[in-house]
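Undergrad: Next come the chains, spelled out residue by residue.
Protein chains: 2
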Amino acid sequence: MKFLKKGKFKILEKLQEILGKEKVLLEEEELLSYSYDASSLIRKPLAVILPEKKEEVVEVLKWIKKHQIPLTPRGSGTSTTGSALAHSAGIILCLSKMNRILELDEEERVVRVEPGVINGELKSYLKKFRLFYPPDPASMNFSTIGGNVATGAGGPRGLKYGTTKDYVLALEVVLPGGEILKTGPTTLKGVVPYNLTPIFIGSEGTLGVFTEIFLKVLPLPEKRVLFLSFHSLEEEPLELLSQMLKRGLTPASSEFVDKTSLKALVQIQKVKELLPLDSLTKALFFVEFDGTHLEIKDLVPKIERFYFEKGIRVIKAEKEEEIESLWEIRRTLAPALKVLGSLKIADDVVVPRKFMKVFLTEIRKLEKESKLPIVCFGHAGDGNFHVNLLFEEEKKEIAKEVREKILKKVLELSGTISGEHGLGYTKRTYINWELSSLQIEIMKKIKKIFDPDNLLNPWVKLPD
Amino acid sequence: MKFLKKGKFKILEKLQEILGKEKVLLEEEELLSYSYDASSLIRKPLAVILPEKKEEVVEVLKWIKKHQIPLTPRGSGTSTTGSALAHSAGIILCLSKMNRILELDEEERVVRVEPGVINGELKSYLKKFRLFYPPDPASMNFSTIGGNVATGAGGPRGLKYGTTKDYVLALEVVLPGGEILKTGPTTLKGVVPYNLTPIFIGSEGTLGVFTEIFLKVLPLPEKRVLFLSFHSLEEEPLELLSQMLKRGLTPASSEFVDKTSLKALVQIQKVKELLPLDSLTKALFFVEFDGTHLEIKDLVPKIERFYFEKGIRVIKAEKEEEIESLWEIRRTLAPALKVLGSLKIADDVVVPRKFMKVFLTEIRKLEKESKLPIVCFGHAGDGNFHVNLLFEEEKKEIAKEVREKILKKVLELSGTISGEHGLGYTKRTYINWELSSLQIEIMKKIKKIFDPDNLLNPWVKLPD
Chain A
0 MKFLKKGKFK ILEKLQEILG KEKVLLEEEE LLSYSYDASS LIRKPLAVIL PEKKEEVVEV
60 LKWIKKHQIP LTPRGSGTST TGSALAHSAG IILCLSKMNR ILELDEEERV VRVEPGVING
120 ELKSYLKKFR LFYPPDPASM NFSTIGGNVA TGAGGPRGLK YGTTKDYVLA LEVVLPGGEI
180 LKTGPTTLKG VVPYNLTPIF IGSEGTLGVF TEIFLKVLPL PEKRVLFLSF HSLEEEPLEL
240 LSQMLKRGLT PASSEFVDKT SLKALVQIQK VKELLPLDSL TKALFFVEFD GTHLEIKDLV
300 PKIERFYFEK GIRVIKAEKE EEIESLWEIR RTLAPALKVL GSLKIADDVV VPRKFMKVFL
360 TEIRKLEKES KLPIVCFGHA GDGNFHVNLL FEEEKKEIAK EVREKILKKV LELSGTISGE
420 HGLGYTKRTY INWELSSLQI EIMKKIKKIF DPDNLLNPWV KLPD
Chain B
0 MKFLKKGKFK ILEKLQEILG KEKVLLEEEE LLSYSYDASS LIRKPLAVIL PEKKEEVVEV
60 LKWIKKHQIP LTPRGSGTST TGSALAHSAG IILCLSKMNR ILELDEEERV VRVEPGVING
120 ELKSYLKKFR LFYPPDPASM NFSTIGGNVA TGAGGPRGLK YGTTKDYVLA LEVVLPGGEI
180 LKTGPTTLKG VVPYNLTPIF IGSEGTLGVF TEIFLKVLPL PEKRVLFLSF HSLEEEPLEL
240 LSQMLKRGLT PASSEFVDKT SLKALVQIQK VKELLPLDSL TKALFFVEFD GTHLEIKDLV
300 PKIERFYFEK GIRVIKAEKE EEIESLWEIR RTLAPALKVL GSLKIADDVV VPRKFMKVFL
360 TEIRKLEKES KLPIVCFGHA GDGNFHVNLL FEEEKKEIAK EVREKILKKV LELSGTISGE
420 HGLGYTKRTY INWELSSLQI EIMKKIKKIF DPDNLLNPWV KLPD
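Chains as they are written, first to last, in numbering that gives the first Met the number 0: chain A, 0 to 463; chain B, 0 to 463.
Quick caveat, the hints were computed from the structure, so don't treat them as lab data. Keep in mind that a hint or two might mislead.
Which copy? The list can't say, so a pair holds if one copy fits it or any two copies do.
[Said to hold, decoys possible] Lysine-lysine pairs mimicking BS3-like chemistry, simulated, CA-CA at most 27 Å apart:
{"id": "1", "residue 1": "K127", "residue 2": "K296"}
{"id": "2", "residue 1": "K301", "residue 2": "K353"}
{"id": "3", "residue 1": "K444", "residue 2": "K61"}
{"id": "4", "residue 1": "K353", "residue 2": "K122"}
{"id": "5", "residue 1": "K404", "residue 2": "K181"}
{"id": "6", "residue 1": "K53", "residue 2": "K446"}
{"id": "7", "residue 1": "K407", "residue 2": "K337"}
{"id": "8", "residue 1": "K222", "residue 2": "K301"}
{"id": "9", "residue 1": "K245", "residue 2": "K301"}
{"id": "10", "residue 1": "K181", "residue 2": "K159"}
{"id": "11", "residue 1": "K245", "residue 2": "K122"}
{"id": "12", "residue 1": "K53", "residue 2": "K271"}
{"id": "13", "residue 1": "K7", "residue 2": "K127"}
{"id": "14", "residue 1": "K122", "residue 2": "K159"}
{"id": "15", "residue 1": "K159", "residue 2": "K215"}
{"id": "16", "residue 1": "K444", "residue 2": "K181"}
{"id": "17", "residue 1": "K245", "residue 2": "K296"}
{"id": "18", "residue 1": "K271", "residue 2": "K43"}
{"id": "19", "residue 1": "K181", "residue 2": "K447"}
{"id": "20", "residue 1": "K159", "residue 2": "K127"}
{"id": "21", "residue 1": "K408", "residue 2": "K367"}
Being a predicted model, the structure only gives us computed values, none of them experimental.
Okay, chain A solo, but in the shape it has when bound (with noise of 0.2 Å):
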């Protein structure tokens, strides 16, 4: 890659000729704004593009193409991983204004959209048609579904729902050069190519740069039930799943929030008014049902015995006013977590189910030898935790330490150092920690394909 310095800007007034002024931003102040993502980096890109149409899209891939500039796509960037940043010598292609409901075909339950679309608006306008999108990242009220498929997000709905990677029927994706590629038929099923559309769910715009998206939908379910119970053992909540579904009572959504999440949390007003916590509990369990009317109304008695029966409390929510507040505190979280350092290194490992507990006690242990806070919250449905590690400055070394002491305690118990978040920046060194040499020569050589001079977003995912 060829890194711009005297000419630079002759080749963005190009750009900017090529798309029209407005599209193209080059003021410092202008690049400031897209210089952060939710991740602690800062990296100010040389320009951001702001494309309104495919056919703009095309031309700047036909542009970086020609002039080897790196480029990294992304929407609202709401990435964790510093996988929507650009570094000094790149620029980037926000989506955002991409952002049409551009079909739904309700016969088909299927529905095509613009990558800029807000995951949460596209929920909203599917719930006039009573039709249903699952997953729902805790960023869904601002993230976009380009994001989210670049990152293969998940959410509290994993267990039930699955998470992106359901969901995607087929992609339109501009490659550097400006070519247009269909990953495969929209129709249902289909088998006539290899699949190629998974390979770009979760590449972190290092393969390609999407214009359309296909989505599978559901019927929207009739009715949904909250429970929130309180916890004096704080690894009560991950054995409580294990038993709902061995009786047969499978969560839509579960999501366990632990003892020192808890210590951020109750810091909040508007939780503190929500909920009735004390001084004994130690962990919070979000668990949420959903189906039929009739299902639902069966449900709800034996779902009550079984707390009852643990002695466990509990509180319900059955309006979705109320269902969604409860969820809101659940989202908060992380911001939320600042009061206990100001630096963060945030995680999503997955663990099998079966050592949830194991796991949450080593962190446990970490914390307790570090000093330092560590949450351990997350989905619990399909062994997510969100682990993130809360320090100032001068402990920085010690944080990295019990980091790499987490991740390989994961690989230990044959889990993933990234179940929705991808790598980025921030966690790709440690990609040979749990691939093999062969997995990441293939996975080189499926860049290559796609992308043969390295320009799309070279600084995440893979190693150097």
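Dock chain B against the given chain A, drawing on the hints supplied.
TA: Here is chain B on its own, set in the frame of chain A:
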């Protein structure tokens, strides 16, 4: 690829030395029984290898690399497209003896199997644990999980449960040269590598040999109920499905049996005994629902009312044996078709659900014009029709023309020319009717990553 001539027996004898004589079949009569699959092709292989464990597969794949011998991996050989055949220059690697269920993790709901496990046997095994592997190709009592993965097999349950690709969590694959690749993490979620697993699903033995398959499984539904309806208008069932979905009645399976198929079915004694067919019946429609006892209790009167309102004659089966004996009718359909013609071209096209009726009308027009029987049954739930042309030798050319008209119509209706059988040998010449040259070029590059010498099933899927 180097074609074996004189020296071939020496090389094959070398393989006998490595694996043991009983695992390398070389005798004419032994080879003959591996010269067929469920297509009408006959291709005698050079040799048939019957490995019993992973280490032997590794040895064979080292050997093919060294001697540049093409190899076709296969299971029970139920492929309808010739993808289980090895032609005269290659060998068959039959994985039927690698048929152990290696591990069931009940907590995680994941089962690890060898490729030779029969689909139906896995279902029976899981039933003991009240678990359930949904994909149900008509061949399920014979076909192997390895073959199901290699073709991306579906079945009537596609509507509610999806197809094989929705259940494969990860694969262990042996590549030419003997390297062992794990395609990804075996946790329920994970985005560290590019998502390699799905590339192998539907790859028709062209990318690697599966030695372990990790499958997600579901809780077994408590109760099933099957409705089988009789229609005097052939296209009626195709509208019925859409009306059911609109009323919020989502079947687990739905299966359409057309007018021409019925002509073959009524000639089977068992069918005549089981079904009250009369000359007015132009189509059958199987619709199965599953769920908890309570759900089914609630659903049944709603469905009965639905049929009653429409004045449709229907029978209902609630007992497991009754349900299975009715489904058996559907499963015997493919072999029953031979009464309509001694030769067959079998396609498994998919069109968007909303175009199913248009497509059927077109089929009847072509049937009338060509005077060849065209059956058009299949998985209405995902728009997947099994279109079979039946004919005698002298009509071969007409049949080919008609078939091409059908495939063109499918593509005109935004469909795909294969939903679950693959392209194999019989359909690969049509690949560029559906895919762009960019898509085909990318497929070739992917093939090259895993199989640079083009040794794995080089006769199928990709164009020459």
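Undergrad: Are the hints correct? Go through all of them and say.
TA: Status of the hints after comparison with the structure:
1. K127 <-> K296: within (24 Å within a copy, 29 Å between copies)
2. K301 <-> K353: Cα proximity of K301 and K353: one copy only (24 Å, versus 40 Å across).
3. K444 <-> K61: For K444 and K61, both the intra-copy (22 Å) and inter-copy (22 Å) Cα distances are at most 27 Å.
4. K353 <-> K122: Answer is between: at 23 Å across copies they meet the 27 Å cutoff, but 32 Å inside does not.
5. K404 <-> K181: between (42 Å within a copy, 24 Å between copies)
6. K53 <-> K446: Within one copy, since 22 Å is at most 27 Å while 30 Å is not.
7. K407 <-> K337: within (25 Å within a copy, 60 Å between copies)
8. K222 <-> K301: both (16 Å within a copy, 19 Å between copies)
9. K245 <-> K301: Intra 13 Å, inter 30 Å, cutoff 27 Å: intra-copy only.
10. K181 <-> K159: between (29 Å within a copy, 26 Å between copies)
11. K245 <-> K122: Cα proximity of K245 and K122: across copies only (19 Å, versus 31 Å in one copy).
12. K53 <-> K271: neither (47 Å within a copy, 58 Å between copies)
13. K7 <-> K127: neither (48 Å within a copy, 67 Å between copies)
14. K122 <-> K159: So K122 and K159 pass the 27 Å test inside a copy (17 Å) and across (21 Å) alike.
15. K159 <-> K215: both (16 Å within a copy, 12 Å between copies)
16. K444 <-> K181: both (20 Å within a copy, 16 Å between copies)
17. K245 <-> K296: both (20 Å within a copy, 23 Å between copies)
18. K271 <-> K43: Answer is neither; intra-copy 39 Å and inter-copy 75 Å both fail.
19. K181 <-> K447: both (18 Å within a copy, 20 Å between copies)
20. K159 <-> K127: Intra 23 Å, inter 22 Å, cutoff 27 Å: intra and inter.
21. K408 <-> K367: The answer is within: 16 Å in one copy meets 27 Å, while 67 Å across copies does not.
Hints 12, 13 and 18, counting from the list given before, are not met by this structure.
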